[in-house]
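Residue numbers (the numbering used here): 5 to 173.
One thing to keep in mind: the hints can contain errors.
Stated by the list, open to error - If you anchor each label on the Cβ, the simulated ranges turn out as follows: (1) GLY52 with HIS161: 41 to 49 Å; (2) ALA94 with ASP53: 30 to 38 Å; (3) GLY52 with LYS123: 51 to 59 Å; (4) VAL117 with SER55: 48 to 56 Å; (5) SER55 with HIS151: 55 to 63 Å; (6) GLY58 with GLU7: 31 to 39 Å; (7) GLY48 with GLU9: 56 to 64 Å; (8) VAL115 with GLN27: 15 to 23 Å; (9) ALA63 with GLN27: 25 to 33 Å.
Source of the hints: derived by calculation from the structure; they are not laboratory data. Since the model is a prediction, treat every value here as computed from it, not as a measurement. Glycine is no exception: its CB is placed at the ideal position from the N, C-alpha and C atoms.
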Amino acid sequence: MIEDEILALVSQATALQVIFANQNGPRPKLPYVTLRVGTSPRQGLLEGDLSEDGIQTYAGHRDATVELQCFGDGGFDALDDLGQRLKGPAMLAAALRLNLAVYATDAVQNVPVLRDGGKYEPRAVMDIGIRYTKQHDEDVGLINTVHGEMTLQEGGHDLHGQFEAAAEP
5 MIEDEILALV
15 SQATALQVIF
25 ANQNGPRPKL
35 PYVTLRVGTS
45 PRQGLLEGDL
55 SEDGIQTYAG
65 HRDATVELQC
75 FGDGGFDALD
85 DLGQRLKGPA
95 MLAAALRLNL
105 AVYATDAVQN
115 VPVLRDGGKY
125 EPRAVMDIGI
135 RYTKQHDEDV
145 GLINTVHGEM
155 TLQEGGHDLH
165 GQFEAAAEP
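With these hints in hand, go ahead and build the complete structure from the sequences.
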């Protein structure tokens with residue numbers, strides 16, 4: 005799943021624990037980062053070559069908006085560092101291996117969250133843009149040979165003929 009690949013990439017860019025946002029379960033030890041893949045609009049569909057077996061590959065690009073939140077002390081610096089690391093050569097290579105491309109890292113924001121008992125907990129938020137491609141194959145069939153008959157009318161005479169068209173091997 006694309007979310008797992010994005011989580012793997014972000015996890016490589018920080019020493020903090022990265023988890024999916026809005027999950028049930030025990031809260032990790034502070035500080036930690038949550039990841040949520042928001043929108044991912046399609047950018048069109050590309051048709052690949054048709055195989056000899058009638059299989060065609062279709063590919064569509066996506067631009068995902070990924071929200072990162074870091075809870076706990078040092079969250080602002082942690083996300084600031086993470087955003088910079090995502091643009092470095094090691095992370096570019098890691099992204100390429102996962103068929104991902106980080107095309108945007110927005111500014112980090114301090115957005116403390118009010119917890120039980122009316123106490124604020126440090127929280128930093130940053131959105132990143134990740135581009136990826138989804139691909140699938142479809143059996144669209146293949147016509148190897150077409151046989152036909154034709155009739156031409158010219159000057160009161162009918163001309164009959166047959167034809168055959170075949171794909172090159």
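Status of the hints after comparison with the structure:
| no. | hint | verdict |
| --- | --- | --- |
| 1 | GLY52 with HIS161: 41 to 49 Å | 48 Å, holds |
| 2 | ALA94 with ASP53: 30 to 38 Å | 34 Å, holds |
| 3 | GLY52 with LYS123: 51 to 59 Å | 56 Å, holds |
| 4 | VAL117 with SER55: 48 to 56 Å | 53 Å, holds |
| 5 | SER55 with HIS151: 55 to 63 Å | 24 Å, violated |
| 6 | GLY58 with GLU7: 31 to 39 Å | 33 Å, holds |
| 7 | GLY48 with GLU9: 56 to 64 Å | 21 Å, violated |
| 8 | VAL115 with GLN27: 15 to 23 Å | 20 Å, holds |
| 9 | ALA63 with GLN27: 25 to 33 Å | 31 Å, holds |
Hint compliance for this structure: hints 5, 7 are not met, and every other hint is.
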